[in-house]
Each structure stands twice: as C-alpha cells, then as structure tokens.
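Asks: Sequence:
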Amino acid sequence: MFHLSDTTVSFSHSMDDEYEKFIRRMNPPRVVIDNESCKNATVIQIDSANKYGMLLEVIQVLTDLNLVVTKGYISSDGGWFMDVFNVTDQDGNKIIDEEILDYIEKSLGPESCFASSMRRSIGVKSTMEHTSVELIGSDRPGLLSEVSAVLTDLKCNVVSAEVWTHNTRAAAIIQVSDQDTSAAIVNPEKLALIKKLLYNVLRGSNKSREAKTAVSHLVTHKDRRLHQLMFADREYERPSNEASGESKRPKVSVVNWYDKEYTVITIRCKDRPKLLFDTICTLTDMHYVVFHGSVDSDGAEAYQEYCVRHIDGYPVKSDAERQRVIKCLEAAIERRVCEGLKLELCTTDRVGLLSDVTRIFREYSLTVVRAEVTTRNGKAINTFYVRDTSGYPVEGKIIDSIRQTIGQNVVRVKGHPEDLNRVPQESPTRFLFGGLFKSKSLYNLGLVRSYS
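Here the sequence shown stands for residues 1 to 452, where the numbers follow the UniProt record's numbering.
One thing to keep in mind: the hints can contain errors.
Said to hold, decoys possible - Distance ranges between label pairs, derived from CB positions:
id : residue 1 : residue 2 : range
1  : Asp259    : Gly391    : 45 to 55 Å
2  : Pro110    : Asn35     : 16 to 26 Å
3  : Ile96     : Lys196    : 46 to 56 Å
4  : Ile311    : Lys248    : 37 to 47 Å
5  : Ile398    : Gly313    : 53 to 63 Å
6  : Glu363    : Thr266    : 22 to 32 Å
Claimed, not checked - With a straight-line Cα cutoff of 30 Å, these simulated DSS-like cross-link-like pairs (lysine-lysine) come out:
id : residue 1 : residue 2
7  : Lys195    : Lys212
8  : Lys39     : Lys222
9  : Lys106    : Lys342
10 : Lys212    : Lys190
11 : Lys212    : Lys260
12 : Lys342    : Lys274
13 : Lys212    : Lys196
14 : Lys248    : Lys71
15 : Lys94     : Lys71
The hints are simulated quantities; they were obtained by calculation from the structure and are not laboratory data.
From a predicted model like this one, the values you see are computed outputs, not experimental measurements.
Glycine included, C-beta positions come from ideal geometry on N, C-alpha and C.
Put together the whole structure using the sequences plus the hints.
Replies: Following this line, the structure appears as structure tokens:
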C-alpha cells in the first residue's frame with residue numbers, strides 16, 4: 001500500500017543528505033600538516049563546514065592511528081569548524097611516516113567528501129567476513145572463559161574482541177567467523193543459539209541479572225560501541241568498585257557561563273592513551289555540542305576544557321543534569337583504567353585459543369578486567385589485564401606459577417617491579433595444561449611475548 005507519509009520522510013532524509021554533500025562540496029575540508037613550527041610535535045589543522053559529530057570523526061581518525069594528542073584547540077562556532085592538534089607517535093616523536101600523513105589528509109581532507117567513510121556510517125556497514133557479537137551483563141570471575149568456551153563449542157573462531165569491565169558490569173564486542181567456512185555465520189538458527197547460550201552465561205544463576213546479547217553483520221567501531229553499550233546500561237550510576245581512592249579519580253567540573261549561554265566542562269586526571277576520544281565520544285553520545293575547547297596532556301596530568309551546549313541549544317538546565325554529566329564523564333575516563341597485570345600473548349591463531357588461555361587464567365584464580373584480542377595474517381595477538389579474583393594485585397607466587405605453567409618469562413607486570421627480572425626455573429607443573437595444546441607448551445607455541 002502506498003503511504004504519502006513514508007515517501008515524505010524518505011524524501012526529506014534524501015534532501016538533507018544531498019544538502020550536506022552540497023555544502024561540503026562548496027566548502028571542502030582543508031587539512032594542513034606542519035612538521036616545522038613545533039619542536040616536539042606534528043601540528044595538524046582541520047578547517048571545514050561544521051556538522052554534528054565532526055569533532056568525534058577527526059579525533060577517531062587520529063586515535064585509530066595510535067597517535068597521541070598532546071595539545072589541542074577546538075572552535076566550531078558560527079557554522080565553521082576549526083581544530084588544531086599537536087600530535088606525536090607512541091614514543092613521543094613527530095609523525096614523519098608519509099603513509100600515515102597521506103591517510104590523515106585523505107580521511108579528513110577534500111577527498112573525504114566523496115568517499116564512503118566508516119566513520120560516518122558506524123553500525124550500518126555490512127560485512128560477510130565475520131559476525132559481530134555484542135554482550136553486556138554483570139561482571140564476575142571467569143566470565144570471559146565461559147563466553148569463549150561457549151563460542152568454541154559452537155565452532156566459532158574469535159577473529160577479534162574487546163572486553164571492558166567497570167562498576168560491576170562487563171561489556172564485549174566479539175567478532176567471530178564460522179569454523180567450517182571461515183566466513184560470517186548466516187544460519188539463523190545458529191545465530192539464535194549463540195544469542196541464547198551467551199545470554200544464559202551472562203545472566204548466570206541469578207535470573208534477575210540484567211543482560212543483553214546481540215548478533216549482526218554490521219561493522220562497528222569497537223571502542224565507541226563499548227562506550228555506547230555501557231552508557232545505555234547506565235553503568236555510570238552504579239557505585240564505583242575502584243579501590244584507588246578519591247585522590248586518583250578524575251576531577252570533573254560542570255558550571256554554566258551565563259553571559260555566553262555555555263556550559264563549561266573542565267576535566268583533570270592522569271593522562272593516558274585515548275583519553276580525548278573517550279571524553280568527546282561520551283559528550284557526543286549524550287548529545288552535547290562542543291563549541292570551543294582546549295586540551296593539554298603534555299605531561300603526567302591531562303587537562304581538558306570545553307564550552308558546550310546540549311543539541312537543543314541550551315546549556316545544562318539543572319543540578320540533576322549537571323551531576324549526570326559528571327558521572328558519565330568519570331565513568332568514560334575510568335573504563336580503560338586497569339591496575340592489573342598486563343600479559344601480551346602472540347601465537348598462530350586457531351579455534352579455541354582464547355578459550356584455552358582464559359581457562360588457564362581461571363585455574364589460577366585470575367579474573368580478566370580488560371582484554372584486546374586481534375588476529376593479523378594468521379597470528380593472534382592478545383593483551384589481557386588480569387587481577388586476583390579477590391580484587392588485589394596478583395601475588396608473586398601466582399606469577400611464578402603461571403610462568404612455570406606457560407614455560408616463558410614474565411611478559412609485563414604492573415605494580416610488581418621486583419618480579420620483572422626474576423627468571424623462574426622450569427618445573428613439572430609447566431605441563432599441567434599440556435593436553436590443551438596437544439602436549440606442546442605455550443612457550444613452544446610462542447604464546448607469550450617476552451619484554452626485555
């Protein structure tokens with residue numbers, strides 16, 4: 001049946017899209033990359049016609065390249081957008097790689113007007129190479145082990161995964177492929193079974209626990225989607241489980257600048273990678289527009305200041321809204337903070353690898369507080385942040401036992417500097433889990449990468 005209203009909506013959306021393209025063609029973005037004016041950083045300036053979410057797109061490009069923003073100046077008033085960022089690589093050096101500089105220019109410059117951009121189509125680009133699984137539920141020791149075991153039993157190979165835990169909640173984006181076809185899982189019955197079994201794992205024995213699972217063939221930006229999952233779950237309202245004390249928590253201030261009808265947000269906290277992305281992502285998803293801002297993270301402490309309004313054009317209207325902004329920004333900053341032991345594992349990828357590794361952690365009473373799992377050219381490169389299930393740092397004897405079991409020196413231990421140079425003797429216990437790896441030690445498989 002023909003509906004005039006449906007046609008009107010479609011026409012309106014199409015016209016809006018065409019109008020945006022027209023504006024960008026008439027005022028194409030301009031990117032200037034300067035390696036001369038600043039002694040310690042590469043200066044990147046972006047000028048463009050303004051649109052909602054533009055700031056996040058720019059920062060997402062820089063963050064995905066693992067660049068560090070040491071200083072930044074933001075202005076997007078009057079329909080025009082201008083950003084200036086001082087950036088370095090992870091080692092604090094200027095960016096001289098021509099491929100990276102060319103990618104920045106193409107991603108943010110005039111060519112971005114005509115190219116299809118994943119940045120502007122988060123959640124709507126399809127792929128048949130893998131299936132994305134989204135999970136959100138109550139955190140508990142051994143949860144990742146149980147989830148990966150279910151996927152292994154269902155003959156799903158984990159291609160990549162990102163797992164965050166915060167305020168008693170756990171969220172994960174896991175990309176899997178079918179073990180038999182090495183492609184996305186398209187069987188509706190199998191997809192339904194994956195959702196059902198993972199939901200049961202997340203819920204556990206407590207039927208009142210909130211849990212959600214979803215599967216799709218859409219490409220998502222993992223970090224942004226994890227923020228969105230936890231924000232929608234209202235995890236920021238739960239009491240913090242961090243034992244670090246108030247002195248180490250981020251300091252967020254939200255006050256109204258009545259003369260200019262802005263809300264001024266200031267953030268002071270310990271600096272870390274991707275901090276700028278996390279704060280701008282949260283403000284964007286809360287529907288706040290940054291009109292002016294400055295960022296300074298050149299040192300141990302990061303300082304950010306933003307002049308914002310809600311997308312409806314008004315500054316923060318009430319104390320309840322102010323408190324919500326503070327809580328959401330604090331949560332966004334804390335989600336990546338991990339005080340646990342960091343382990344990086346590298347080996348040939350295979351079905352069940354994640355399940356086997358997390359089972360070993362579970363046997364040693366370790367819980368995974370954050371994880372990054374990737375595969376490149378048939379190699380699995382996995383990073384885990386683990387704690388003792390009691391919530392305290394991992395004891396030296398537990399570290400020794402893991403080393404003996406794995407047959408490799410310690411990877412990296414945060415909070416245990418006295419253990420960095422200790423080399424344990426091989427022990428018969430290193431073969432305790434040998435059956436999991438067809439009688440081969442993790443050392444022989446290259447499962448753990450050593451840091452000198």
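Asks: Against this structure, judge whether each hint is valid.
Replies: Hint check results:
Checked against the given bound of 45 to 55 Å, the beta carbons of Asp259 and Gly391, roughly 47 Å apart, stay inside it. At roughly 21 Å, the beta carbons of Pro110 and Asn35 sit within the given window of 16 to 26 Å. Remark: the range hint 46 to 56 Å for Ile96 to Lys196 is upheld by a beta-carbon distance near 51 Å. Our hint of 37 to 47 Å for Ile311 and Lys248 is violated, since their Cβ atoms are close to 33 Å apart.
One distance hint, 53 to 63 Å for the beta-carbon pair Ile398 and Gly313, holds here, with the actual separation near 55 Å. Taking 22 to 32 Å as the suggested C-beta distance range, the pair Glu363 and Thr266 does not conform, at roughly 46 Å. Proximity of Lys195 to Lys212 is assessed by CA-CA distance (about 9 Å); at most 30 Å being required, the pair is judged to hold. Among the hinted pairs, Lys39 with Lys222 is inconsistent with the structure: their alpha-carbon atoms are about 34 Å apart, more than 30 Å.
For the suggested pair Lys106 and Lys342, the alpha carbons sit about 35 Å apart, so the restraint of at most 30 Å is broken. Of the supplied pair hints, the one linking Lys212 and Lys190 holds, its CA atoms being roughly 17 Å apart against a limit of 30 Å. For a cut-off of 30 Å, the pair hint linking Lys212 to Lys260 is broken: about 42 Å separates their Cα positions. The suggested pairing of Lys342 with Lys274 holds, with an alpha-carbon distance near 18 Å, which does not exceed 30 Å.
Taken as a hint, the Lys212 and Lys196 pair is honoured in the structure, with Cα atoms around 10 Å apart against an allowance of 30 Å. Taking the CA atoms of Lys248 and Lys71, the gap is near 22 Å; set against the 30 Å cutoff, the hint holds. For the suggested pair Lys94 and Lys71, the alpha carbons sit about 13 Å apart, so the restraint of at most 30 Å is met.
Taken one by one, the earlier hints fail for this structure at numbers 4, 6, 8, 9, 11, listed in ascending order.
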